[in-house]
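S.K.: Residue-level listing of the chains:
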Amino acid sequence: MKNIFKITGVASLLLFGVSCSEDFLEEKPSEFLTTDQIADAAEKNPAVVRGTLTGIYALMVETGTGGTGGHDDFGHKGYDIFGDMLSGDMALSVSTYGWYRASITEFQAPLDFTALDNYQVWRYYYRIIRSSNTVIAALGGNDALPELEENRFILGQAKAIRAHSYFYLTQYFAKSFDPSEEILPIYDDLEDQNGPKVATSEIYALMESDLNSAISLLDGFNRTQKNEIDISVAKGILAYVYGARGDKWQEVYDLTNDAKAGYSIITGDGVVGGFNDVNDPSWMWGVDITSDLSLALVSWWGQVDRFTYSYAWAGDAKAIDEDLYDAIPDNDLRKAQFRAPTDNYADLMPLNKFYSPERVIGGQNPVTTDYVFMRVEEMYLLNAEAAANLGRDADAIISLKALLNERLDDVSYLDALAGQALKDEIYLQTRIELWGEGKSYLAMKRNKATIVRGPNHLSFVGVPIPYNDERLTFEIPESEIQNNPFISTQNN
Amino acid sequence: MKKRLNGILTLFLVFMVQLTFAQQLTVTGTVADVNGVPLPGVNVIIDGTNRGTQTDFDGNYSIAASTGETIVFSYVGYVTGRMNVGSNPTINVTLSEDAAQLDEVIIVGYGTATKQSFAGTATTIAAENLAVKSVSNLSQALAGEVAGVNVINGSGQPGTASTIRIRGFGSVNGNRDPLYVVDGVPFSGSINSINPADIKTTTVLKDATATAIYGSRGANGVILITTKKGVAGENYIEVDVRTGVNDQVIDRYDVVTSPEEYIAYVWEGAYNRGVINPDGNIADPINFANTQLFSDNYVPAGYNMWDVANGGELINPETRMVRDGVSRIYTPQKYVDAAFDAAIRTEANVRFGGGNEKTTYFTSIGYLNDNGYALNTGYDRYTARLNVTSQVKDWLKVGTNIGYAYSERLNNGQTVGSENLFEFADKMAPIFPVFLRDDEGQLVPDPIFGGNQYDYGTDSGFRARPNANNLNPIGSALYDLDTRNRHELNGNFSLDFTLTDNLTFETSFGAQYWNQARKDFRNPFYGGGRSTGGDLSATDTEFYTINALQLLRYKNQFGDHSIEALAAHESNEYSFSFANQYKGLAVSPDVYELNNFVENITPPSGYSEGRTLESYFGQINYNFLDTYFLTGSVRRDGSSRFVNEKWGTFGSVGAAWVVTNEDFLANNNVFSFLKFKASYGITGDEAGVGFYSGYDTFNLGILGGGISISARDNGNPNLTWETSNMYQAGVEFSLGQFLDASVDYYVKDTDNLIFDRRVGPSQGIAIITVNDGELRNAGLEFNLTGHLVNTADFSLDLSINGEVLSNEIITMPLEPSTQEPRILDTSNSPFAYSKGSSIYDFYMREWAGVDPANGAPLWYQYFDDANANGIKDNDETGILSLTPYLSDNPDANVGRTVTDTYAEATDKYVGKSAIPDVRGGMRLGGTFKNFNFSTQVIYSIGGYAMDYQYAELMSDRFGAAGNNFHKDIANRWQFPGDITDVPRLADGIDQNSTSGSTRFLTKTDYLALNNVLIGYTISGDALGNSIDNLNIFVSGDNLYVKTARDGFLPNTSESGNSGRRLYAPLTTVTAGVRVKF
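Order-wise, the sequence lines are chains V and S. Take 18 as the starting number for the first sequence in the working numbering and just add one per residue. Take 28 as the starting number for the second sequence in the working numbering and just add one per residue.
If we strip away everything but chain V, and leave its shape as in the complex, we get:
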């Protein structure tokens, strides 16, 4: 036992050699970062602060943000397709895989709150709203006026994105603009818990205040990337919000006039140029898609473009509604955007409107063609619509001509139009010009239109469906009804 001290010495060494330091129980991730890690990084790297806002724009194009693994779940552009299909302007002309078929084109989701498409739309836009609330909270809240100019620009953008998301929720979940109808729960603070539906007027008040605040905060903001919302985009969004109300046309007219400054209409060959480059001078708001974003099969381009390795090529053809195609004059540059029908799989597909530049059928993988959210042409059309609604037909025709002069040889026929006929023409031109860009559904609601599908749809051909039909708005999803104790009913 004389060795006992030596032994215990060795033992102590082993004991303490492996014993634990103070921070043994602190572990930090590296696959993603925690709030603290980001705050630490922000102290050393100012680009990180802006990154939290850029992250919201990233969510707008990420897959799975609707909370499903569906191949129709890829952010804002995914819901553009829902809208285009519900409005009937985008036909699912061949269905092999079944995406969109029953749920959207046969209206099963809007009639069945258990269908996941309802959840997807709801989950996505409220996810963006929460992300906006996170950024707004970090900058001092709804009423803050940050000292740093850079932070004012970030706050302005966050408010504009929040309004943009609420706007799409009002469109997709309420049949029409009824200020007193309680339609959506409202969250403008990160700490807000599940709450009841509030009146449409309250949602609109938030959107309008957010966008007006954004317009003032973004004064002087010279963005470096078109995925960012600048003052013109904020005005464009506000014009849509006022337009949806139907009682603020003067504001719409003024805002669209302001917003279009600095952009130019796509002309000539640009009309069949692919709509795939964010640098196009007509694009007001869009995202430069790069291979770093890892978008491929599951993407807007995948679902719509035959030249991408995905569904549009492989068996789910998306085509322009045949009646709408027939309504495009033969001498209209835009007629060539679509493949003329010859009893082929690709009939009426937008082969010359949207395409990846290589033009290899089933080729593009990964996706590097860009996403468009807003084009200046929308401002001209909305401007014309506002003027027509104000009874100022001459002003409306001026705006419409500014666009159509670039599409048609002779636009003199417009001079003969007035009143409802003029409004109908503006609506038709909106559908043609913006086909496949998610705007037709909004226009349908503004114009209180009744839609009728052409013969290249797989179902409901020739069936008139009014804009406020149950089949054209989504249901509050089952998950919300089950898990939010304050919501137990659908909207009207």
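If you only want the chain S side, here are some residues facing chain V, beta carbon under 10 Å, derived:
{"id": "1", "residue": "Asp-323"}
{"id": "2", "residue": "Asn-324"}
{"id": "3", "residue": "Tyr-722"}
{"id": "4", "residue": "Gly-731"}
{"id": "5", "residue": "Ser-735"}
{"id": "6", "residue": "Ala-738"}
{"id": "7", "residue": "Asp-740"}
{"id": "8", "residue": "Arg-784"}
{"id": "9", "residue": "Val-786"}
{"id": "10", "residue": "Leu-851"}
{"id": "11", "residue": "Asp-852"}
{"id": "12", "residue": "Thr-853"}
{"id": "13", "residue": "Ser-908"}
Not close to chain V: a few residues of chain S, all C-beta gaps over 10 Å, as computed:
{"id": "14", "residue": "Gly-75"}
{"id": "15", "residue": "Tyr-581"}
{"id": "16", "residue": "Glu-801"}
Worth flagging that the hints you see were computed from the coordinates, not collected in a lab. C-beta atoms are modelled at their ideal positions from N, C-alpha and C, and glycine is treated no differently.
Following the hints, complete the assembly by docking chain S onto the known chain V.
M.R.: Quick look at chain S alone, frame taken from chain V:
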């Protein structure tokens, strides 16, 4: 990380070099029964020490001992023998049978105990029961062996481990996996890296007394694995070789195989669309079906394999069947035939063991070549192990035990998606051929790989295929590659210091490490890889765990009292790192390295993650007169997973009373052994939350050239330990020499449940993980072994074990927006949680059959029948979800009606549960002369599950030609007035006919013939002196399963629900030989 690993390896080497082989007195001998029959497996222990061994097959033992020490020989059912060591190194012992003696040593947490003294429930599984099974890892072999242990064999892919559940479902959303402990070290590696042939004993710890010493990680049970050691004085070589076949013998779903039968269903689906006419545009349903049948939206014309031009010529609208006289242009090969075939399994192991009284060694090498029945699937493994123990000095014992495994796993054809051999085998309609056909129906030669081209649908250039277009798993299994090559090490180094006669200091350092290179290659010519010019996703993952233990042990005896106490510190660090590169544009189609791919497809990614645990614990065991036993333990654990509350305290107390050691039962004729035991303890779990669940986290990316930081998960910094309070009472007894039995009853209350609380998604998040709510598991477990026959020539034992289990939510988590416990949580659909329900009670819509008038699916709608007239009047509320409605309206007069609108049907508890009434295993085994035999059956009675795969096979949700059907589709509704439970074919119009409802709720009762073995032993005498004995055997695994429906295998998933892409467990038949020199 690399540096750290080098450190570990250096340490391995240092320890190996330091081992010295000293010489000392070795006692050897033979242990036999009164008839002179050698007794294998007798525990041989030097009294008052930890030094021990077991006798081998021939009853021989060898042990290091000093003069004056006492050797204790103990064996179940025999009187314990004691012999003093003198100068004679040979001690032969005869043990007489006495079932009253139960001094068998069992391994328990941080020590050993005797079966008699242990107050908890620890079940040791005999190595020979595991050895008869042809499995690649221990987890698969546990099936049916222990009451309360449920083995879920989720995949037949060779080289996968089974999921183990001990005592029910301990948590709602948290971890339910048990803790593996290998040679005393908590094991986080892959169980595959331990060759089952190297395992000596496996002990399952179930109750709190047994598991609380593992504190933080013991809540879901503990599986202790002890690897083989050498035996002093007996140097041996043991070789076993077995070979046989793996095949798909268990029945698959009974699907439609006739193209004519299938195409008639497609026609009928289109026809019924015309009849239902949802948009009013179809004037003539027959004409519609005839013209549409061979069109792009149904079956593209190129898939018309018949000598007719259209649907009208093919189908007789009266019979709705293919017309007489129509013949095929070709007969398509079926995917199931191309995908599956019997494959060879070969296993060989060599073991060497021996040593002297101071130093013993065991070393082994093993090889396994396990090919799956699915095309290009398999598992190759090489293992080696070295286990050396040496009493270097009187006061120091050194042990080192290192295992190494290299494995190659081939997982071809199992993409998580549709391109999957198993999906195609069942769900690809029989009209779609494996091989591409041109427009004339001719096979298309393959200019690249030779033979004929596989049919990929659109990608093949002829036509879209409405079922899994662009995919062909036969092609991808042959021409693509999905491999995982893995190096794996596990080791343990221990130093035991004898400080005084009563005090030892034990320290051990354990480590597990693996490194896996996964290569996922897609060929540039066919399938998904065509678009990228061939691509390779290379994923390197690396993992290590380091566990350090320092333990002080005190043992003493005071007259009739004996006491053992320990105090210890343990730390455990887990680290995992990941790196992935994905590149395209292959130069050579045969080189699977990144440089051969010249284009980056996605940016490379990589990260590491981990967690740390630190623990302090102690235990006291007290024994009075070998009759009264008390045990108590306490353990304090801290985990890095938790942010604000890292530490939790756990512990247990237990007592056992061996009644047969009391004077008043000394000479009774009934009980040869009787013990009562009771225990209570608190255990915890931390593994149910992610490593960083305490934090709000953000994804990092790039957008527009700048950093983007987007919300990922919402964390909860207040998350902390989930704790279980377990109460147990049990009895163990033996009746004469005929029956051994044990029965345990336990109640396990888990509170602070790790609970994924659903949030109304309008809040911008869907789930918040919280500690809330309380869950009760209670169960009765029994183990009965009858020694039916026991003569010199013939022995026959029958064992039956089982568990009866119940589960109940005692308290629901709080709903923060109301500050009341939530009434109902449906997040785990088709189950729902509410106070009083189990976590596996089905909550769903009730199927009401089929409308005889039009074949539409029907469900039950419950409503508030205010005027009690039994009819749902227009002003009466339909109930969407019954439990919350009754909570809000307790006086509601609930009536029931039928609806054809799924969304109107009522979600409710349907009175069925996934938890069976009883389940377990049975074994019949024995010997007859030189033959040995064993057969094992596992069973389950009384549960229900959703057969989702059957639902998909009964569904046309992807359209009339969307997927294949189960043969039961023949029972579908066809004509007004048909009474049937199978709705009309409707070309996808009845999307909800297979949505969640009781329609596909199926009994999970099963009876499975898990293993059969027959062996024959030739003794050494007959073989000459060079061979000690030789055993030849034939064994079969997973030979037969009887369930409610062919193809439905509820024992392959925890809930019993059937899932997609199941690689149904292999049936294996092997023949082998085991020789000992």
